[in-house]
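A.B. asks: Fit chain U with the ligand to the supplied structure of chain D, relying on the hints for placement.
Residue numbers (UniProt numbering), protein chains in the order written: chain D, 1 to 560; chain U, 1 to 181.
Hints are not guaranteed to be accurate.
[Claimed, not checked] Using 30 angstroms as the maximum straight-line C-alpha spacing, the simulated DSBU-like pairs for lysine-lysine come out as follows: (1) U/K9 x U/K73; (2) U/K9 x D/K325; (3) D/K16 x U/K9; (4) D/K172 x D/K326; (5) U/K9 x D/K326.
[To be verified] Residues from chain U that keep clear of chain D, each with C-beta distances beyond 12 angstroms, as calculated: (6) K18; (7) V60; (8) A63; (9) D66; (10) A67; (11) V69; (12) V74; (13) A132; (14) A179.
[As the list claims (entries may be wrong)] Across the chosen pairs, the derived CB separations fall in these ranges: (15) U/A80 x D/G418: 53 to 61 angstroms; (16) U/R176 x D/L268: 50 to 58 angstroms; (17) U/E70 x D/P466: 34 to 42 angstroms.
Calculated from the structure, these hints are not laboratory results.
Small disclaimer: the values here were computed from a predicted structure and weren't measured.
Glycine included, each C-beta is placed from N, C-alpha and C at the ideal position.
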Amino acid sequence: MVAKPIFRTCGFTGLKIHDEAEKLIKINAVTAIVVLAVGGLFGLLVALTRWPTVHLLPADLFYLALTAHGIDILIVWCIFFEVALMYFASAILLQSRLATPKMGWVAYALMVLGAGITNWKVLEGNSSVMMTSYVPMQADPLFYVGLILFAVGALIACFIFLGTLVVAKAEKTYEGSIPLVTFGALTACIIAIYTISSGAIILIPTFLWSVGLISHIDPLMYKVVWWGMGHSSQQINVAAHIAVWYAIAAILFGAKPLSEKVSRCAYLTYIFFLQIASAHHLLVEPGLSSAFKIFNTSYGMYLAVLGSMIHGLTVPGCIEAAQRKKGFNNGLFEWLRKAPWGNPIFSGMFLSLILFGFLGGISGVTMGVEQINIMIHNTIYVPGHFHATVAAGTTLAFMAITYFLVPVLFGRELILPGLAKLQPYLFGLGMGVFSLFMMGAGTLGVSRRHWDMAFSDAPHAFAHAPAAFLMMGIVGVAACVAVVGGALFVLVIVGSVLFGKPVVHAPAAPAPAPSPVASYGNAEHVAVPGTFALALLFLTVFVLYYFVNWKYLASTWIMS
Amino acid sequence: MSITPPEQKVWFNEPVEKTEVIWVLIALTWALIMFAMMPLWHLKGTQNMSNEAYRIQPDVYQARVDAFVEKFKVGEEGHAKTPVVRPPAGSDVYMMARLWEWYPVLELEKGKSYRLHLSSLDWQHGFSVQPANINLQVHPGIDEVVTITPTDSGDFGIICNEYCGIGHHTMLGKIRVVAGK
Ligand SMILES: [Cu+2]
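Only chain D is shown next, with the shape it has when bound in the complex:
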């Protein structure tokens, strides 16, 4: 006997909201933010230790904090928030009931339990194996158990999302195709299922090995399969945060995609090509041939890069089109100047887009080149790159949409609106500077995951260039700025949820009038010259940076 689903109508959007779905979205999102706060604190400790003049933690605690920071932010925070987004993009956007909400609670409990166990084992101090946990370095068996439980929970959430799509279709809660944002979430979900399977394939034997039931795991094979999970899991984030970009463009500007076809095909490139491109983590690995590396990184990666470059045009493009329709038609950039820069939903989203593209995207593609990777592998350039993608990109986008979700789902007004306005700038720009200077220090050879760049206890002497120390100092300062931004986010959101004034259902933004035009792609389309100019600027920076790196490579030792 299934209870009849209960719905309410949202005062903001007019959407029909399923009660159980709403509860699950809230609990997953709140848990995500708690984890963000905890993981961010570990991040602060790591940053204060890598700041040469501060050098806060002793070595053992540093590696412990780094392991906890990596797992909590890269995996736990992102996935909890993505589960909330998947439920939102299915049940809420399709105005459907959520399939099997009871299983949603089971999934949630497994994820909390798994994350808790892994964190407990890391904090105990005998599982500082880093997020990558490369064998033959071994962690406590429960460390792997925690990750497996978390993964199983996330997998269940993925199937609930798919089930909800089936329910909505069957119960005809919408007509035609699913919305673009839901399509993006579906992309994230498909990649997540692939990723989690890959994780299970490697973590289960590793667990058996850690308890002595398997005698040996080949380190090279471990890495090949591990990165099948490790890289793709970051593509879940990308698919999800691009869906958030499209969602915010629609929510704030009433923007339509320039054309549904192009945006959706760009998502399809992720599904088809990105997993194989995980090989770009193995570019300086012995025992894998150049043929394998080039084959897997080139056709796979560059087609997925093409997908990202397309979104890089279509997301600001749809905003420009919507703004120009409203009359912001002067010059190339009036549409952008007159955008609501004081609204954290917009500023967070747009900073996320710019920083992700210019810093994360360009550096990622460049270091994914077999030969250039020789200069970058395992230097601090690598965390520089992925803080630009995951922190300045994904995390900032998730923060931005949270500012929208608090009034809609929790029915609360934001407290401290002034600080909320400042928050995306502090976090985004802090993270941007942080990433940029980490990349600089990496180019000068500073290692990642390293406690002492001065090598004080080493048997030999080596001194990095003074500029490397200066850059790591700037990294430390920028990290503190970003942490203040992150803390403000947690403060404003948690404070609003607990103490915010109840929203008097006032449809704040005038509901975007449904346009009679079928789509922007037809004869009445709006040209988007400003976006195109931005795209060309992006391409120019990309090409220059790419070839500068080849030139730099050509100046190092000859090797073959």
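C.D. replies: The following block gives chain U with the ligand in isolation, referenced to the frame of chain D:
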């Protein structure tokens, strides 16, 4: 809108904006250029990953390193008294990683080529030659052979940049490159 179903039932038939077509073509062209660069560098460039690697038992590798050190040892260096080894140009030279040292110190001649063997006795380590900025992954059980030709003289630090436990940051070795006659 992006949060509502597309207005036409079959989204695949919707027309495409011209700017998008142009951008897709530009981006595709750029992707193809990048696609060509890696194979091209294998043909024309002089910095490429080695494809030579063998499975090897750690004790066998250690025996080879010991024999190599004994044959070409010219001194000791550092507070761990790491042997300094000066092998002839063009020969097979060895660098062994273990918790937490690089062994031995190599003395090479600028502009000469060497077949450098890299392997680990225990965990994974990262072979990072600084400031030349060459970073290779070192695995236990795999003997990786890279032909290197140092192009500058001086003392180069060998940093371990793959986390390998609590003493990771002390894992610093050395290659000395001396100018040839
Ligand atoms: Cu090491």
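A.B. asks: All hints, please: hold or fail.
C.D. replies: For each hint, the structure was consulted:
no. : hint                                : verdict
1   : U/K9 x U/K73                        : violated (77 angstroms)
2   : U/K9 x D/K325                       : holds (24 angstroms)
3   : D/K16 x U/K9                        : holds (22 angstroms)
4   : D/K172 x D/K326                     : violated (33 angstroms)
5   : U/K9 x D/K326                       : holds (27 angstroms)
6   : K18                                 : violated (8 angstroms)
7   : V60                                 : holds (16 angstroms)
8   : A63                                 : holds (20 angstroms)
9   : D66                                 : holds (19 angstroms)
10  : A67                                 : holds (22 angstroms)
11  : V69                                 : holds (16 angstroms)
12  : V74                                 : holds (16 angstroms)
13  : A132                                : violated (5 angstroms)
14  : A179                                : holds (15 angstroms)
15  : U/A80 x D/G418: 53 to 61 angstroms  : holds (58 angstroms)
16  : U/R176 x D/L268: 50 to 58 angstroms : holds (54 angstroms)
17  : U/E70 x D/P466: 34 to 42 angstroms  : holds (40 angstroms)
Hint compliance for this structure: hints 1, 4, 6, 13 are not met, and every other hint is.
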